[in-house]
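Enquirer: Sequence:
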Amino acid sequence: MATALVIENDPTNDARRLGEWLTEAGLELWVVRPHAGDELPADLEGYAALVVLGGEQQAYPLPDGSPGAPWFPAVEGLLRKAVRYRVPTLAVCLGAQLLATAHAGLVERSPSGPEIGPGVVGRRDAAEGDPLFRYVPLIPDVLQWHSDEITELPRGATLLAASTRYPHQAFRLGDRAWGLQFHIECDTAMIADWAADSTQLAELGYDPELVVAACSSVLADVEEVWQPFAARFAALALGELDDSTTRRGLPLLGH
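Under UniProt numbering, the sequence shown has 159 at position 159, and the numbering climbs by one with no breaks.
Source of the hints: derived by calculation from the structure; they are not laboratory data.
Worth double-checking, as some hints may not be accurate.
[As the list claims (entries may be wrong)] Computed Cβ-Cβ distance ranges for the label pairs, DEER-style:
| hint | residue 1 | residue 2 | range |
| --- | --- | --- | --- |
| 1 | Arg86 | Leu62 | 16 to 24 Å |
| 2 | Arg16 | Ser112 | 21 to 29 Å |
| 3 | Glu240 | Glu20 | 28 to 36 Å |
[To be verified] Calculated cross-link-like contacts (lysine to aspartate or glutamate; reagent style DMTMM-like; alpha-carbon spacing at most 20 Å):
| hint | residue 1 | residue 2 |
| --- | --- | --- |
| 4 | Lys81 | Asp148 |
| 5 | Lys81 | Glu39 |
| 6 | Lys81 | Glu45 |
| 7 | Lys81 | Asp43 |
For glycine and all other residues, C-beta sits at the position ideal for the given N, C-alpha and C.
Generate the whole structure from the sequences, applying the supplied hints.
Expert: Pasting the structure below:
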């Protein structure tokens, strides 16, 4: 069975439903938790895919110049190797931001403020030629929970989905690495965990119970779109999906 390396950056943001969808589609998951002291591998040899999850940390340096988490430079190194060697990669929220910063994109505290709760994004025309996004509806349901945003995509990235306030909602780098600013992995319990004692919700004046209920009400719609998306990603990792329409050369940073 092919194995996907899953990097969990935060104990409150595991693979959850995304993990279930990937395993149902035939991938075995090897979860590494650097936040708990697990050591990241030096490379991706032996892995059919890479999944990088979200977290509360920031993808850009802290005021003292140190990384948002001690293991982020190693994660960025793996993301560069994944793109260079065409290892299918799916990066979610913070993971997508790290995919961007690993390739000279820019992530900042969003000038538009936090984006929290259920919403929709708009699929871009470029998605028609994408092996995963070509089957996503024009305006898919998503879940949002972030205060930072990707303000500049890496050079050569393909924008696949956008919204009015946050233009870089999904992108592809190279031909096999996807970044999603939004969440597709959450269930109600995960959202409730995030909402408990959330300073973001307090600052926005949002009622945590109403936020959890609103997110829970769209989970079926999120699954309808993103479970098949995850299955197509797994098929790509398993060598069962033709991605020849997007194959192209791209100058990349690092090794």
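Enquirer: Give a verdict on every hint.
Expert: Results for each hint:
1. With their beta carbons about 32 Å apart, Arg86 and Leu62 fall outside the hinted range of 16 to 24 Å.
2. The beta-carbon spacing between Arg16 and Ser112, approximately 27 Å, falls within the hinted interval of 21 to 29 Å.
3. Roughly 19 Å separates the CB atoms of Glu240 and Glu20, a value that falls outside the hinted 28 to 36 Å.
4. Pair hint Lys81 plus Asp148 does not hold up; C-alpha atoms about 25 Å apart against a cutoff of 20 Å.
5. This hinted pair checks out: Lys81 and Glu39 have alpha carbons roughly 17 Å apart, not beyond 20 Å.
6. Distance check on the hinted pair: Lys81 and Glu45 sit about 10 Å apart at the alpha-carbon level, within 20 Å; holds.
7. Taken as a hint, the Lys81 and Asp43 pair is honoured in the structure, with Cα atoms around 7 Å apart against an allowance of 20 Å.
In terms of the numbered hints stated before, the structure departs from hints 1, 3 and 4, listed from lowest to highest.
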